[in-house]
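**Student:** Residue-level listing of the chains:
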Amino acid sequence: MIPSPFEYVKVRSVDEALAALTEHGEDAKLLAGGHSLLPIMKLRLAIPTVLIDISGISDLSYVRVDGDGPDAMVAIGAGTRHFELERDDVARTEVPLLPHVAGRVGDPQVRHRGTIGGTTAHSDPASDLPTALLALGGTVVLQGPGGRREVPVTEFWTGFFETAMSPDEMVVELRVPRTGSIGWGYEKFTRRENDWPIVAAAAVDGRVALANMAGSVVRATATEEALARGASIAEAAELADQGTSPGADMHADQEYRRHLARLLTRRALETAAGV
Amino acid sequence: MSILGTRVVRTEDPLFLTRGATYTDDLVDDRLTGALHATFVRSQVAHGRLLSVDTSAALEAPGVVAVVTAADLSDLVPLPPPFPFINQEMTRPWLASDRVRFVGDPIAVVLTEERYQGEDAAELVAVDIDPLPAVVSTADAARDEVLLFPEAGTNVMASFGEPAPADFFDGCEVVVTQALVNQRVAPVPLESRAAAASWGADGRVTVWCTNQGAQQARGQLGDWLKMDPDLIHLITPDVGGGFGAKIGADPEYAFVAWLAKHVGRPVRWAESRSENLVGMLHGRGQDQVVTIGGRRDGTVEAYSLVFDQDCGAYPRIGAVLPTLTMLMAPGVYGFPKVHSQGRALATTTTSIGAYRGAGRPEATAAVERAIDLFAAEIGMDPADVRRKNLLPAFHEPHTTPMGATYDNGDYTVALDKALDAAGYADLRAEQARRREAGDARQLGIGLSVYVEITGADNGAGTKEAAELEVHPDGTATVLTGTSPHGQGHATAWAMIASDQLGIPVEKITVVHGDTDRVPEGGGTMGSRSLQQGGAAVHQAAGELIELARRRAAEKLEANPEDLVVDLGMAGLAVRGTPGVGVTFAELAADDRLLVNTVFNANAPTFPFGAHVAVVELDVESGKAQVVRMVTVDDAGTIVNPLLAEGQRHGGIAQGVAQALLEEVLYDEDGNPTTSTLADYPFISATELPSFELVEMSTPTPMNPLGAKGIGEAGTIGSTPAVQNAVIDAAAHLGVRHVDMPATPMRVWRAIRQAGHNASQEGN
Amino acid sequence: MQVSITVNGEQRTDEVEPRLLLAHYLREVRGLKATNIGCDSTSCGACTVIVDGLSVKSCTVLAVQSDGAQVTTLEGLAGPDGELHPMQAAFRAEHGLQCGFCTPGMVMAAIGVLADNPDPTDREVREGLEGNLCRCTGYHNIVRAVRTAAQAGPAAGQVPQAQEVEA
Ligand SMILES: Cc1cc2nc3c(=O)[nH]c(=O)nc-3n(C[C@H](O)[C@H](O)[C@H](O)COP(=O)(O)OP(=O)(O)OC[C@H]3O[C@@H](n4cnc5c(N)ncnc54)[C@H](O)[C@@H]3O)c2cc1C
Ligand code: FES
Ligand code: FES
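Chains A, B and C are the protein sequences, given in the same order. Counting from 1, one number per residue, gives the positions in the first sequence under the numbering used here. Counting from 276, one number per residue, gives the positions in the second sequence under the numbering used here. Counting from 1039, one number per residue, gives the positions in the third sequence under the numbering used here.
Hints are computed from structural coordinates only; laboratory data are not their basis. Ideal Cβ placement from N, Cα and C applies to all residues, glycine included. Some clues are possibly wrong.
[Unchecked claim] Computed Cβ-Cβ distance ranges for the label pairs, DEER-style:
id, chain 1, residue 1, chain 2, residue 2, range
1, B, THR452, A, GLY206, 30 to 40 Å
2, A, PHE161, B, LEU1008, 39 to 49 Å
3, A, PHE161, B, MET655, 30 to 40 Å
4, A, ARG192, B, LEU1008, 20 to 30 Å
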């Protein structure tokens, strides 16, 4: 299986990428790691006519602390590959949830190619890193012809493969609060180790996000509110599927997905709490 | 010391590891210069009337040389029914003309200059189908409301056996009945199907294709294309796995040969995985009902297995699998009364063929599940119930109520060895501890004891040919009709010859898979190769020694009886004077030293064993992980433990895969939902432990090597052991049965259901 | 489009279609047929090669994306005199291959595993090879082979230096 023909453009800077996006319009797609886009192009589920390869933009790959004190944020370049994030020392100390989750994406070869910007832009409701990002809070930094803007993660993933990004924009950075020694938990439920999650739950600092429980990654708000009210982990976790709208597939129907959301939320919260 | 029984590393590996093997799609051959690429257009609809096929747009696409549809096949005769005893109306067309019967049914073929152009052009072939209702399950098929072949009047391809007499279970204190699903799985050899064909000026065609027996494939091509087989030169390049799904030829292979003639150019075809998962034969697919009856002391008195075999749209080997399942129904047990009945049914799905074990794993899964159900019902340890009912050790052939004649076996020892190695008592103690503590991770211990039939008559008898020649330079060549695709025959057959002739393994070349060089052969399937093909090499070496002895006696002016094989010099020496004599190579320099022989085993063999599976089950999520696999697999004498262990490992893994993960699924409209490897949960390294293999060897008298088959045993034993282990892990919660694959959702549901039942009983 | 790719130390410039997959480039353009293709969904790993020091699935990389890259395939592992790379030798010694179809990708992925973790446990090897499927071996001997190779030292986790690197 091979993609339909397309034109290929390699860009060296964000400005070049944005110019190319404007030039080619709807038919163009950015190509980062290619590990979501090329598989669907091979199956001819996506047929873009122009690919704009942004993987050569070297200054999009970094992890650094921006600012200091409690307000400091960790900034991650959109071009950072999953394996780079997994091994990054700054990330490991400042937001240990993220490198852990990066290490749970796919398999080593996938992690060698896929980027955090790509998985963020792709907005697959089952994706791991967006789940972690949503639990962490923070923002997605977009750049477009009109300049840069920051969208809170809670507003970014709007639906099934849909985001708050407009077609002439691109993701350039992810910004997350430092969590340092705050406890966190990540529970990814799969049949095989390297599968996409059937359901996943990320918990950190009283916030919980779920993968594959709706059209996009979602927060378990009822659980979070219960925790804030002082409910026990077990009680709060029982509410995790409230407000979700899970789909059904061969691995899990809706009822089982809801059960998993509650179970994984409990376990993630317990890990975060160190129990 | 004999080289037999030693761990000789494979002679095929250096090339495989440095340049890679040469599979059909890797071929670079002058005869294929300028070959066109064939791309099949397949039905996207499970069942329907084919109204039209419009090729005009495709014909305009770049690189397209021809687009072939059913309308172009006037010089091809229809494919014949594959077996005489099935409904003769149910035949597969080369290309669909008026009806499509499964998603994947070939409709047209596009021939292009370049591979990439084929996919582009195939998309442009416009197919119009008026859908008919799909027939997805055997239950739907059996209703005969929607018929795949209206002219046949039924969906039943064949029926085997009679219903059980009404009084079959009379007098039993306990009778347990359970419906079981032995689900449809995909064999998924890592190399998908591929073929290439080129016609010579002499009217002969050379066909390269990936298969498990060149000679059988050539015979089928001859039948289908109505050609003298001598005009077909069939070459089997290296083969990337088969597992039964590459037995014989597929119609696509013959079609590639026909296409090459039709367009007057060589043609090659290599399917994608998505095409493979709908186009290549699937395996298993039985809906079974077991009934087991006996006494509360654990004695089973009567056992019945009734089942429907899903055959898919067109009859292939699936249509005859019921006979093997029925034959092996009682397995290792000495049940006084055994009954089995099976039916083969057509459904609007991919055809079913042989898959590792083919019919026998289904029999073993049923009886091993039945024993556990019976044990649970009477509250006895499943190991004890097994012991009580196993056939006692036998050294003379034993004929079962189903008519199989087992060569020899000691099933109790196999079971005890497996239980010992697993530490059965300790495992049960740990299980009790976790149950007591109410752990989320419970332990499950699953057993199976199995016997299977290997080297059965596959239509070509129970024989295999071998040719052996020693050359003047001291090397030797073995020609064999077996068809290795991972089993390591090049090494093992060389060991067998070397053992008798003293010629080092590295100097022995094994030739296979080329019908011009080896016109007769039975291929590799049904775990037949060593016991028939290996035995033929053994016999050939013996005959070559006799030939050499006569020639040496003349040359040395010695008495033939005084000449003995001297392995050190690879020749014959005068008794009592080692080193004095003549080498085989020297004799070959005088005149070709070559023998041709056929070994006939006359009967199959019955390897047996016992498996213990240990799983950890997360009872909150329903997910099971296999943590240990302890297996006894007695295949008689082992020629090369390295290779035999490799066969066991691969077999065990495929059994675990069926028990826990793999299943081909269709939606209600007959659309496959597992047609890529992203969706079909092919087992990976993380779902498996390293295996604990226990040795046991009961040589068979059926061949001079004492060898039984080992290719399928691992799968047959491990599947029910793992399934039983998962159920055992949740038994204390009231779970009695979970169908395969024991997916987390299924297990979770079973646990929840058992909880509901218990609370209702409590009310 | 023109691409210039160094494969097993040999650099070449070729004219290719943008959609040409690296796997097909290696097989059809460079004639290196060891790299196999076993799926359409980036699932099987049979196509794994090392690109600029990292294991990647060459069926999910475009040849044009690899312009300027250093690629190593199975054919590039053995020494000039045919001496096996430690990973190749270990696969042979431990019978880590049967039909051989997964093998080229498996060997390259296994080198990648040791590059990350020179002395992995069985479990770590299994996790490291989670993107590579094998139907024949049940993975048992593959895991053993990787552990055995690890004993050979750092070379087992490296690909040979490019013999001829051009500016
Ligand atoms: C076999 C396999 C298994 C996988 N398993 C998992 C898993 O378990 N969990 C998981 O979460 N993911 C998994 N993935 C997906 C993987 O994480 C992808 O790498 C990721 O989803 C996409 O990143 P990419 O850089 O490859 O994006 P690409 O494929 O290059 O692009 C994806 C989409 O995002 C757009 N895009 C890319 N970068 C940007 C940007 N900076 N700004 C705006 N738009 C952009 C593209 O135009 C495209 O539409 C798997 C992938 C494969 C092939
Ligand atoms: S062919 Fe590349 S992963 Fe399967
Ligand atoms: S050796 Fe056959 S697929 Fe791995």
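**Student:** The structure should be examined with respect to each hint, and the outcome stated for every one.
**Tutor:** Consistency of the hints with the structure:
One distance hint, 30 to 40 Å for the beta-carbon pair THR452(B) and GLY206(A), is violated here, with the actual separation near 53 Å. For PHE161(A) and LEU1008(B), the hinted distance range of 39 to 49 Å is satisfied, since their beta carbons lie about 40 Å from each other. Look at PHE161(A) against MET655(B): about 55 Å separates their beta carbons, and that is not inside 30 to 40 Å. Distance hint check for ARG192(A) and LEU1008(B): the Cβ-Cβ separation is about 25 Å, which falls inside the suggested range of 20 to 30 Å.
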